[in-house]
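Undergrad: From first to last, the protein sequence lines stand for chains Z and P.
This note's numbering numbers the first residue of the first sequence as 452 and each following residue consecutively.
This note's numbering numbers the first residue of the second sequence as 2 and each following residue consecutively.
Worth flagging that the hints you see were computed from the coordinates, not collected in a lab.
Among these hints, one or two may not hold up.
[What the hints assert, rightly or not] Calculated pairs, BS3-like style, for lysine-lysine (alpha carbon to alpha carbon, straight line, at most 27 Å):
id, chain 1, residue 1, chain 2, residue 2
1, Z, Lys484, P, Lys83
2, P, Lys119, Z, Lys637
3, Z, Lys601, Z, Lys638
4, P, Lys83, Z, Lys637
5, P, Lys83, Z, Lys638
6, Z, Lys517, Z, Lys638
7, Z, Lys601, P, Lys119
8, Z, Lys520, Z, Lys637
9, Z, Lys517, Z, Lys484
10, Z, Lys520, P, Lys83
11, P, Lys83, Z, Lys601
12, P, Lys119, P, Lys83
13, Z, Lys520, Z, Lys484
14, Z, Lys638, Z, Lys520
15, P, Lys119, P, Lys51
16, Z, Lys517, Z, Lys637
17, Z, Lys601, Z, Lys484
18, Z, Lys637, Z, Lys484
19, Z, Lys601, Z, Lys637
20, Z, Lys517, Z, Lys601
21, Z, Lys520, Z, Lys601
It should be emphasised that the depicted structure is a prediction, and the values quoted were computed from it without experimental measurement.
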Amino acid sequence: MKRIYWICAAVAAVTAAVFAGCVLTGTVVITAKVAPDAAGESINITNLDYSEGELEVNLNNNATFKDYKDDIRTIENIGFYLEARNNLFAPVTFQIFLEPDTAANYANTEDIVQSRAQVVLTELIIPARESVVIDWNESMQYISGLDEFKGALETGVFSLYPAAVPRDAFNVTIDSLVVIVTLTGKK
Amino acid sequence: MKRLILITMAASILTAAAATAAPIGLGVSGGALLPAGQEDQGTGSLFAIKVRAHLAGRFAAEPNIHFGSFGDADIAGVGNRKGSSLTHYGVDITWGAPIAAVGFKPYLLLGGAVYNTKRDGDVTSNASGWSFGGGVAVGVRSNLDVDLRGRFNIVSSEGSASKKSVGLTIGVFYYVGR
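With the sequences and hints as input, model every part of the structure.
TA: See the structure below:
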């Protein structure tokens with residue numbers, strides 16, 4: 452019986468060593484704050500003034516992303532944390548588009564819709580003159596078309612363009628927006 | 002297909018065990034399911050039903066089914082994410098002290114299974130995987146073991162990657178057929 456104890460103990464030690472190696476490949480959650488901006492100001496977009504619309508994201512500033520960037524096996528999903536206000540007396544459907552080219556710099560939401568930018572969050576209704584807070588888990592029900600923009604997420608650099616429907620009458624203030632990327636890779 | 006292979010294997014093992022007139026253990030266990038290297042999952046719970054049959058020498062086989070669920074993952078500032086469910090069924094081969102005997106009986110295990118992972122917002126996955134681990138069966142009577150076990154699961158996933166988790170359980174085996 453003693454022999455079995457020793458063999459089990461030895462295998463447990465080897466297992467621990469293998470385990471330590473195995474967990475170098477893992478699933479990590481990367482977050483990047485997009486709003487408020489560097490000055491601490493909320494982002495405001497309207498159908499008449501879209502000057503604050505482009506929100507550039509650079510995940511390469513994140514230490515964890517840098518560790519995994521060279522060997523990303525798959526992008527699991529993207530999520531958001533969002534606090535937004537509808538400033539008009541009619542409901543709007545809020546959306547976020549993703550554009551891999553950070554130099555695209557679209558001037559208004561009509562241009563975005565016509566472009567190759569992919570809608571990543573959609574169907575989020577913000578009632579008239581109300582605010583919404585959507586956390587990570589809730590945001591998953593509004594995510595659309597992940598496969599279309601996985602490549603852009605792997606580079607870590609892309610632009611987000613918030614938008615709303617109706618295109619000709621919206622005024623939305625984004626008090627907080629955090630991008631959450633879940634990926635599996637190896638350090 | 003994987004399901005059919007596993008069911009056939011389990012049936013063959015049980016038939017062979019029954020033919021030797023060795024006791025067969027019926028077991029249930031429960032415990033914790035811990036993610037390993039998965040930041041998008043939290044610690045959850047695990048429940049298992051299994052059958053233990055003597056194969057040869059110190060080897061025994063255990064067809065089993067596990068019902069697990071990871072807990073919520075919580076990332077500061079963005080809220081939480083509901084954990085996945087993880088159901089797996091397969092066959093373990095154990096090596097250790099004889100089953101259905103009184104005493105303190107350490108053992109090692111190696112298993113293969115089909116793992117079903119499901120969560121709102123994620124693609125449901127049915128993937129093959131394997132596991133290894135060990136435990137101690139405390140035979141309080143010749144037909145009753147209290148079983149403490151640790152299992153490390155490795156499940157293949159998209160992009161030549163794998164998802165890993167640890168199951169820690171306590172349970173009982175009741176042996177019939179002696």
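Undergrad: Checking one constraint from the list: CA of Lys638 (chain Z) to CA of Lys520 (chain Z), max 27 Å. Satisfied?
TA: holds, 8 Å
Undergrad: Measure nothing beyond the straight line between the CA atoms of Lys517 (chain Z) and Lys637 (chain Z); if it is 27 Å or shorter, mark the hint as holding.
TA: holds, 11 Å
Undergrad: For a C-alpha distance cap of 27 Å, please report whether Lys601 (chain Z) and Lys484 (chain Z) respect it.
TA: holds, 19 Å
Undergrad: Please verify whether Lys119 (chain P) and Lys637 (chain Z) have alpha carbons no more than 27 Å apart.
TA: holds, 23 Å
Undergrad: Mind checking the alpha carbons of Lys601 (chain Z) and Lys638 (chain Z) for me, to see if they're no more than 27 Å apart?
TA: holds, 19 Å
Undergrad: For the pair supplied as a hint, Lys517 (chain Z) and Lys484 (chain Z), is the alpha-carbon distance within the 27 Å limit?
TA: holds, 16 Å
Undergrad: Holds or violated: Lys520 (chain Z) and Lys484 (chain Z), Cα atoms, limit 27 Å.
TA: holds, 19 Å
Undergrad: Regarding the pair Lys601 (chain Z) and Lys119 (chain P), is the alpha-carbon distance no greater than 27 Å?
TA: At roughly 21 Å apart (the allowed maximum being 27 Å), Lys119 (chain P) and Lys601 (chain Z) satisfy the hint.
Undergrad: Check whether the Cα positions of Lys601 (chain Z) and Lys637 (chain Z) lie no farther apart than 27 Å.
TA: Measuring from Cα to Cα gives roughly 17 Å; hence the hint holds.
Undergrad: Regarding the pair Lys517 (chain Z) and Lys638 (chain Z), is the alpha-carbon distance no greater than 27 Å?
TA: Measuring from Cα to Cα gives roughly 9 Å; hence the hint holds.
Undergrad: Sort out whether Lys484 (chain Z) lies within 27 Å of Lys637 (chain Z), counting only the CA atoms.
TA: holds, 24 Å
Undergrad: Please verify whether Lys83 (chain P) and Lys601 (chain Z) have alpha carbons no more than 27 Å apart.
TA: holds, 22 Å
Checked against the numbered hints given earlier, this structure breaks none of them.
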